[in-house]
Amino acid sequence: AQSVTQLDSQVPVFEEAPVELRCNYSSSVSVYLFWYVQYPNQGLQLLLKYLSGSTLVKGINGFEAEFNKSQTSFHLRKPSVHISDTAEYFCAVTPGYSSASKIIFGSGTRLSIRP
Amino acid sequence: DGGITQSPKYLFRKEGQNVTLSCEQNLNHDAMYWYRQDPGQGLRLIYYSQIVNDFQKGDIAEGYSVSREKKESFPLTVTSAQKNPTAFYLCASSIDNRANYGYTFGSGTRLTVV
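First to last, the protein sequences are chains A and B.
Under the working numbering, residues 1 to 115 are what the first sequence spells out, in order.
Under the working numbering, residues 1001 to 1114 are what the second sequence spells out, in order.
These are computed hints drawn from the structure, not numbers from a lab.
Hints should not be assumed to be uniformly reliable.
Just so you have them, the derived chain B footprint on chain A, three or more residues with Cβ under 8 Å [claimed, not checked]:
#1 38-45
#2 60-72
Derived DEER-like restraints, expressed as beta-carbon distance ranges [to be verified]:
#3 A/69 to B/1010: 21 to 27 Å
#4 A/112 to B/1067: 37 to 43 Å
#5 B/1016 to A/62: 47 to 53 Å
#6 B/1039 to A/77: 22 to 28 Å
#7 B/1038 to A/29: 38 to 44 Å
A few chain B residues facing chain A, derived, Cβ under 7 Å [as the list claims (entries may be wrong)]:
#8 1008
#9 1010
#10 1039
#11 1043
#12 1063
#13 1090
#14 1098
#15 1099
#16 1107
No residue lacks a Cβ here, since even glycine has one placed at the ideal position from N, Cα and C.
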């Protein structure tokens, strides 16, 4: 079975500062990994995903994530955040190459941006 | 544009009432899912359906029921047996029963017991 751990429930940063949101996963098989963003009172929106290939994945809104198989991590980064990035971010995992699977979500990290 | 429509956005339920949350998609996706979201607990899977006329229980199915009579529609009924229904409910869909492409989410329904 797969599981996802988001190490920080809240991350406060100043506007224009860099940010890293941490995500570790557990799986005995190869995985696909996702980051989603949720703005207040809205659904989740896909930021980026890793299926295979390059371990550095670029997503929307200037975010990127790096897949590290040895560390079983998939940390999300942005070099300079804006007020509009204030949201909750969810890391998620699903087993790769499976005929039927569901996505397992982490508990979320709330990113708050200070002016 | 294709997407998932959840309605209503806000719903109030009296004690002992059943209420039904609507979820409609025009993405031609095979699989659909219902999640419950509570503060600090992430998303918990209630029910999912991988094909029309078939559905399976998720991790917290007690007190909920679903149907999948049409590919486009996956309504969720919160029954009086659900003792703590106040939460944010999210519907999602995926192209097929593999999750390779991720899920598309609706904008959610906030249910409050009054």
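Evaluated hints:
1. 38-45: holds (count 5)
2. 60-72: Coverage by chain B is violated here, the residue count being 0 at a Cβ distance below 8 Å.
3. A/69 to B/1010: 21 to 27 Å: violated, 43 Å
4. A/112 to B/1067: 37 to 43 Å: Holds, at about 40 Å.
5. B/1016 to A/62: 47 to 53 Å: Given a distance of about 49 Å, which is inside 47 to 53 Å, the answer is holds.
6. B/1039 to A/77: 22 to 28 Å: Holds, since residue 1039 of chain B and residue 77 of chain A (Cβ atoms, about 26 Å apart) stay within the stated range.
7. B/1038 to A/29: 38 to 44 Å: violated, 30 Å
8. 1008: Violated, about 13 Å.
9. 1010: violated, 9 Å
10. 1039: Nearest chain A Cβ about 10 Å off; hint violated.
11. 1043: holds, 5 Å
12. 1063: Interface hint status for residue 1063 of chain B: violated (21 Å vs cutoff 7 Å).
13. 1090: holds, 6 Å
14. 1098: holds, 6 Å
15. 1099: holds, 4 Å
16. 1107: holds, 5 Å
The structure does not agree with the numbered hints 2, 3, 7, 8, 9, 10 and 12 stated previously, though it agrees with the rest.
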